[in-house]
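Chains A and B are the protein sequences, given in the same order. Residue 38 in this note's numbering sits at position 38 of the first sequence, with consecutive numbering throughout. For this note's numbering, count along the second sequence from 1 and bump the result up by 113.
Because the hints were derived from the structure by calculation, they are not lab data. A virtual CB, placed ideally from N, CA and C, is assigned to each residue, including glycine. Just so you know, not all the hints are guaranteed correct.
Ranges of calculated distance between the beta carbons of each label pair, as one might list FRET restraints [claimed, not checked]:
#	chain 1	residue 1	chain 2	residue 2	range
1	A	Lys78	B	Thr179	41 to 47 Å
2	B	Leu172	A	Ser18	39 to 45 Å
3	B	Ala130	A	Lys71	47 to 53 Å
4	B	Arg135	A	Lys78	35 to 41 Å
5	A	Glu85	B	Pro122	21 to 27 Å
6	A	Gly3	B	Pro152	17 to 23 Å
Below, a sample of chain A positions facing chain B; criterion: calculated Cβ distance under 10 Å [stated by the list, open to error]:
#	residue
7	Tyr33
8	Tyr35
9	Pro43
10	Lys44
11	Val89
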Amino acid sequence: EAGVAQSPRYKIIEKRQSVAFWCNPISGHATLYWYQQILGQGPKLLIQFQNNGVVDDSQLPKDRFSAERLKGVDSTLKIQPAKLEDSAVYLCASSPGEGYEQYFGPGTRLTVT
Amino acid sequence: GIQVEQSPPDLILQEGANSTLRCNFSDSVNNLQWFHQNPWGQLINLFYIPSGTKQNGRLSATTVATERYSLLYISSSQTTDSGVYFCAGFPGGATNKLIFGTGTLLAVQP
Numbered sequence: 001e002a003g004v005a006q007s008p009r010y011k012i013i014e015k016r017q018s019v020a021f022w023c024n025p026i027s028g029h030a031t032l033y034w035y036q037q038i039l040g041q042g043p044k045l046l047i048q049f050q051n052n053g054v055v056d057d058s059q060l061p062k063d064r065f066s067a068e069r070l071k072g073v074d075s076t077l078k079i080q081p082a083k084l085e086d087s088a089v090y091l092c093a094s095s096p097g098e099g100y101e102q103y104f105g106p107g108t109r110l111t112v113t
Numbered sequence: 114g115i116q117v118e119q120s121p122p123d124l125i126l127q128e129g130a131n132s133t134l135r136c137n138f139s140d141s142v143n144n145l146q147w148f149h150q151n152p153w154g155q156l157i158n159l160f161y162i163p164s165g166t167k168q169n170g171r172l173s174a175t176t177v178a179t180e181r182y183s184l185l186y187i188s189s190s191q192t193t194d195s196g197v198y199f200c201a202g203f204p205g206g207a208t209n210k211l212i213f214g215t216g217t218l219l220a221v222q223p
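Work out the full structure, taking the sequences as your base and the hints as a guide.
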């Protein structure tokens, strides 16, 4: 069974530029999550989708971050414009449903200069 | 909100040694998971253990939900065990937001 796929693995951008990350969850998993992990901390949930609907985006900085999962499978997370404090690893995870075991992708390491 | 404390924060072992990592919750949690984050940043699932004890090779985990803690045992440690270990769980109640612990940084020396 293929795991969660993410791309790109690394990205370096200048502040005020935009960036997008892509995630493909495990086949059949209805729930998809985006997490932000700052160096030295545990992952923090940004947004949770159930199929193509948003369940929780309470910690998503909506003035600059957006995410979509239009067909209930793949998802993209966008940052526009980026700030220095957005430097982090962005992790995508999926699970069969809410409250079930979550599986994480390899992450995208973003550096904003 | 719920607090998840892990201990010890840092641990250095010689290869072959055993260790116990602890995860304490300030309130009840459901469906606790243990993860290993390797030096490349990948979060690897170790255990999904709402309660009881599970074993997988050199690793085992025990969750005592009524006392709000979980333990991860690593036996005969290897250098590949190095990395950060996180526990995470869903707070009891309506939310299904997975809350991560503070992490334990493990370094296994040859």
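Okay, the hints, checked on the actual structure:
1. A:Lys78 x B:Thr179: 41 to 47 Å: holds, 43 Å
2. B:Leu172 x A:Ser18: 39 to 45 Å: Holds: the Cβ-Cβ distance is about 42 Å, inside 39 to 45 Å.
3. B:Ala130 x A:Lys71: 47 to 53 Å: holds, 49 Å
4. B:Arg135 x A:Lys78: 35 to 41 Å: holds, 39 Å
5. A:Glu85 x B:Pro122: 21 to 27 Å: holds, 24 Å
6. A:Gly3 x B:Pro152: 17 to 23 Å: holds, 18 Å
7. Tyr33: holds, 8 Å
8. Tyr35: Status holds, d = 9 Å.
9. Pro43: holds, 5 Å
10. Lys44: Status holds, d = 8 Å.
11. Val89: Holds. Min distance 6 Å.
Going down the numbered hints, you'll see the structure goes against none, and every one checks out.
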